[in-house]
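Undergrad: Listed here are the chains, written in short residue letters.
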Amino acid sequence: MNDILEADLPVPPAPVIQAQGLTRYFHHKCAVDTVSFNVPRGSVFAFIGRNGAGKTTTIRMILGLLEPTRGSSSILGYESMTLPPEARARIGYMAEGHPVYSWMRVGKYTGFQKGFYSHWNQDIFASVIDYFAIDPRTRAGHLSHGQRAGLHLAMTLAIEPEVLMLDDPATGLDPSARRSLLEAMIYFTRSRERTIFFSTHLLDDVERVADYVAVLDYSVLRACASADTFRDRVHRVVARFRSEPPHKLPAIPGLLRVTRSERELSLIIANLNGRTERDLEELGAVSVDEQPISLEDALIAHVGRQGDKSFFCSL
Amino acid sequence: MTSFNISVATGTGTPIYRQIVEQVRLGVATGALAPGDALPSVRGLAEQHVINPNTVAKAYAELVREGVLESHHGKGFFVAEKRQVYSRAERVRRLQQARDAFVHEAVFLDFTPEQITKAVDEKLDELDMQSKTAGDKP
Numbered sequence: 018m019n020d021i022l023e024a025d026l027p028v029p030p031a032p033v034i035q036a037q038g039l040t041r042y043f044h045h046k047c048a049v050d051t052v053s054f055n056v057p058r059g060s061v062f063a064f065i066g067r068n069g070a071g072k073t074t075t076i077r078m079i080l081g082l083l084e085p086t087r088g089s090s091s092i093l094g095y096e097s098m099t100l101p102p103e104a105r106a107r108i109g110y111m112a113e114g115h116p117v118y119s120w121m122r123v124g125k126y127t128g129f130q131k132g133f134y135s136h137w138n139q140d141i142f143a144s145v146i147d148y149f150a151i152d153p154r155t156r157a158g159h160l161s162h163g164q165r166a167g168l169h170l171a172m173t174l175a176i177e178p179e180v181l182m183l184d185d186p187a188t189g190l191d192p193s194a195r196r197s198l199l200e201a202m203i204y205f206t207r208s209r210e211r212t213i214f215f216s217t218h219l220l221d222d223v224e225r226v227a228d229y230v231a232v233l234d235y236s237v238l239r240a241c242a243s244a245d246t247f248r249d250r251v252h253r254v255v256a257r258f259r260s261e262p263p264h265k266l267p268a269i270p271g272l273l274r275v276t277r278s279e280r281e282l283s284l285i286i287a288n289l290n291g292r293t294e295r296d297l298e299e300l301g302a303v304s305v306d307e308q309p310i311s312l313e314d315a316l317i318a319h320v321g322r323q324g325d326k327s328f329f330c331s332l
Numbered sequence: 080m081t082s083f084n085i086s087v088a089t090g091t092g093t094p095i096y097r098q099i100v101e102q103v104r105l106g107v108a109t110g111a112l113a114p115g116d117a118l119p120s121v122r123g124l125a126e127q128h129v130i131n132p133n134t135v136a137k138a139y140a141e142l143v144r145e146g147v148l149e150s151h152h153g154k155g156f157f158v159a160e161k162r163q164v165y166s167r168a169e170r171v172r173r174l175q176q177a178r179d180a181f182v183h184e185a186v187f188l189d190f191t192p193e194q195i196t197k198a199v200d201e202k203l204d205e206l207d208m209q210s211k212t213a214g215d216k217p
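As they're listed, the protein sequences go chains E and A.
Note that the working numbering has the first sequence beginning at 18, numbered continuously upward.
Note that the working numbering has the second sequence beginning at 80, numbered continuously upward.
Careful, some of the hints might be misleading.
[As the list claims (entries may be wrong)] Which chain E residues stay away from chain A? Per the calculated CB distances, all over 12 Å, these:
no.	residue
1	ASP50
2	ARG156
3	HIS159
[To be verified] In silico EDC-like pairs for lysine to aspartate or glutamate, Cα to Cα no more than 16 Å straight-line:
no.	chain 1	residue 1	chain 2	residue 2
4	E	LYS265	E	GLU281
5	A	LYS161	A	GLU149
6	A	LYS137	E	ASP245
7	E	LYS265	E	ASP296
8	E	LYS131	E	GLU103
9	A	LYS137	E	ASP249
10	A	LYS137	E	ASP228
11	E	LYS131	E	GLU177
12	E	LYS265	E	GLU299
[As the list claims (entries may be wrong)] Okay, the calculated beta carbon distance ranges per label pair:
no.	chain 1	residue 1	chain 2	residue 2	range
13	A	GLN176	E	HIS136	15 to 23 Å
14	A	ALA140	E	LEU300	36 to 44 Å
15	E	PRO192	A	GLU184	27 to 35 Å
16	E	GLU298	A	ARG144	28 to 36 Å
17	A	GLN175	E	GLU298	14 to 22 Å
18	E	TYR95	A	ARG162	51 to 59 Å
19	A	GLU201	E	SER278	28 to 36 Å
20	A	GLN175	E	ALA143	56 to 64 Å
21	A	LYS154	E	TYR204	18 to 26 Å
22	A	ALA198	E	SER278	24 to 32 Å
23	A	LYS154	E	THR99	44 to 52 Å
24	A	THR93	E	SER278	19 to 27 Å
For the record, the hints were derived by calculation from the structure and aren't laboratory data.
Where a beta carbon is used, it is the ideal one built from N, C-alpha and C, also for glycine.
Using the sequences provided together with the hints, build the complete structure.
TA: Shown next, in the form of structure tokens:
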């Protein structure tokens with residue numbers, strides 16, 4: 018079997034978010050299928066998956082905005098479905114797509130938004146607005162996509178939350194707005210008690226900021242581990258042949274993906290063992306080398322395969 | 080600080096913490112970083128490159144373990160006096176590992192032994208290693 022468990026890892030701090038068997042159907046279609054994970058306090062947790070994989074549905078269930086069909090989740094120690102307002106005030110949530118009231122001027126958002134929260138830091142709001150080069154007199158409808166994200170971020174950070182829940186915050190942003198967003202995320206972690214949970218499909222961002230990664234694909238959690246573990250355990254092995262490589266391969270434990278070219282087989286394998294290299298040599302490979310693999314390749318190897326369920330979960 | 084600079088790239092086969100480790104090691108090996116030089120703070124480097132501070136901390140911790148850096152409590156990280164923390168056998172093993180990967184790649188790309196040797200010499204010249212003594216000299 019492909020199971021990977023981290024027995025040797027130190028006990029992580031108490032989780033800020035816990036999902037247990039979260040499942041949600043829309044009519045007969047399963048959007049999220051028995052998803053379980055923990056988000057440790059003080060971590061940056063990346064929730065990765067393609068559009069329609071079930072990321073937003075999962076986030077909405079964690080925030081108590083959508084009832085799960087089965088399973089449960091908690092955030093800051095409270096059941097999601099009965100989250101009290103005091104706890105909600107400690108969560109900064111940036112919804113997908115950054116919707117705004119187009120007629121409202123940016124500066125007016127302060128008075129509007131702070132009415133919903135017991136705590137509001139106007140300095141933070143103003144400095145984030147400034148950071149994204151937004152004139153407070155602009156009507157929200159005239160903002161660029163990146164500026165709209167900046168306005169949402171300013172509203173989210175002004176309440177000085179303990180947990181940031183960012184649903185696909187970087188999609189559609191130009192490179193400079195995207196960089197500003199990442200800078201704000203890094204800045205947010207200045208206090209070690211703060212936690213960020215963000216969904217994305219931009220893997221450069223994940224590589225830069227994430228402590229943990231979870232991969233959701235076709236509503237199923239395929240992998241969930243620390244970013245380092247993930248990289249350390251997934252390997253690429255390149256076997257070179259004198260002629261066309263053989264078409265039939267022996268059973269290779271943990272094999273995620275095979276690419277073949279004229280004289281080469283490239284295999285992406287979870288939990289490589291020494292046997293695999295010997296097996297490849299017996300097939301007539303002239304050289305078998307382990308090659309570095311990018312986080313992106315390691316992650317892509319985990320999506321698009323139906324059938325195998327969560328085989329790489331350690332949180 | 081000298082003119083030493085760290086750069087970080089994403090989407091490569093090398094994790095970011097390893098890129099930092101390798102660049103600091105190379106800086107020390109080539110003399111761009113001298114014993115006693117201060118390194119950027121963990122926060123500073125993380126915010127400069129927009130990367131997770133834990134990644135920088137992990138790189139620095141590894142460099143301390145290897146004896147490349149020293150942590151001066153409360154003051155940050157500094158380049159340590161040169162000492163070799165690996166045994167001779169371990170150094171030989173690491174050299175062989177690096178050599179094999181390099182030679183396999185070069186042979187596969189159809190270079191001749193002369194061309195491969197020349198490429199190595201050129202790189203050594205570029206690093207200006209003349210003043211360097213062997214790590215295992217008494």
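Undergrad: What are the numbers of the hints the structure violates, in ascending order?
TA: 13
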